[in-house]
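**Q** Turn these sequences into a full structure, and let the hints steer you where they fit.
The lines below spell out each chain.
There are 2 protein chains.
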Amino acid sequence: MKVISHYSETESKQFDGEVVKGVNGRVVIGQKDNALNFCMRIFTIAPEGYTPRHSHAWEHEILVHSGSGQVWQDGKWVDVRPGAVIFVPGNEEHQLRNSSAADFVFACVIPKGAPEL
Amino acid sequence: MKVISHYSETESKQFDGEVVKGVNGRVVIGQKDNALNFCMRIFTIAPEGYTPRHSHAWEHEILVHSGSGQVWQDGKWVDVRPGAVIFVPGNEEHQLRNSSAADFVFACVIPKGAPEL
Numbered sequence: 001m002k003v004i005s006h007y008s009e010t011e012s013k014q015f016d017g018e019v020v021k022g023v024n025g026r027v028v029i030g031q032k033d034n035a036l037n038f039c040m041r042i043f044t045i046a047p048e049g050y051t052p053r054h055s056h057a058w059e060h061e062i063l064v065h066s067g068s069g070q071v072w073q074d075g076k077w078v079d080v081r082p083g084a085v086i087f088v089p090g091n092e093e094h095q096l097r098n099s100s101a102a103d104f105v106f107a108c109v110i111p112k113g114a115p116e117l
Numbered sequence: 001m002k003v004i005s006h007y008s009e010t011e012s013k014q015f016d017g018e019v020v021k022g023v024n025g026r027v028v029i030g031q032k033d034n035a036l037n038f039c040m041r042i043f044t045i046a047p048e049g050y051t052p053r054h055s056h057a058w059e060h061e062i063l064v065h066s067g068s069g070q071v072w073q074d075g076k077w078v079d080v081r082p083g084a085v086i087f088v089p090g091n092e093e094h095q096l097r098n099s100s101a102a103d104f105v106f107a108c109v110i111p112k113g114a115p116e117l
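Chains as they are written, first to last, in the numbering used here: chain A, 1 to 117; chain B, 1 to 117.
Be careful, since some hints might not be right.
Note: identical chains are not told apart, hence a pair may lie in one copy or across any two.
As the list claims (entries may be wrong) - 30 Å max Cα-Cα, derived DSBU-like pairs, lysine-lysine:
#	residue 1	residue 2
1	Lys2	Lys13
2	Lys76	Lys32
3	Lys112	Lys32
4	Lys112	Lys2
In short, the hints are calculated from the structure, not lab data.
Remember, predicted model here, so these are calculated numbers, not experimental data.
**A** As structure tokens, this is what we get:
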């Protein structure tokens, strides 16, 4: 069993570019743990930050952990808060962004075979 | 895409018995959503409550969402708090319990084929 006291203790990767801003991501459970069926990542989006608007073959299962943000659902922004759950089926366009002055944090689980980060 | 404003809005099932106490569980993303690779459940353990101490073939990927609790790891209790991450490989003994006066809430993801709840 692996217990991480807090996700922030783990190595992270920063994403900033043309289509992504202020996103910090980390694999907390993945292939290196011999977790072969699915992978848990934790993302932190800084104020005014956003993930890319894109789609891909694999699904996302998301739990909002802290902060306030929005998810792009069928052409509109929908508010989400801690305790919100989002299921993004494969090949569906999606994007998340921070809508507050604090960090927006969520877990995002993906199936094996998808790029972990 | 499915967006649940807060997990508490979804149907839940109460578990109380000889080996489990004060546990409320819900499938927030599962087979009924056509999520065929893995399933997200949210569990709420009431004060003084606990899950069964058991093992099974499938793994758990857990994120502590709120409250304070403990996980049984290799023969001892380990404190966990919001933001803690636990990976329980298949066939490893595990148990979670509340160690506070407030609800202890965590997400627990399992692979397809395992019983959803």
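**Q** Would you mind marking each hint as holding or not holding in the structure?
**A** Evaluated hints:
Proximity of Lys2 and Lys13 under a CA criterion of 30 Å is satisfied in both settings, with 21 Å inside one chain copy and 28 Å between copies. In this homomeric assembly, Lys76 and Lys32 come within 30 Å of each other (Cα to Cα) only across copies, at 25 Å, whereas the closest approach inside a single copy is 37 Å. Within a single copy, Lys112 and Lys32 get their C-alpha atoms as close as 12 Å, and across copies as close as 21 Å, so both meet the 30 Å cut-off. With identical chains, the CA atoms of Lys112 and Lys2 are at most 30 Å apart both within one copy (19 Å) and between copies (21 Å).
The structure meets every hint from the earlier list without exception.
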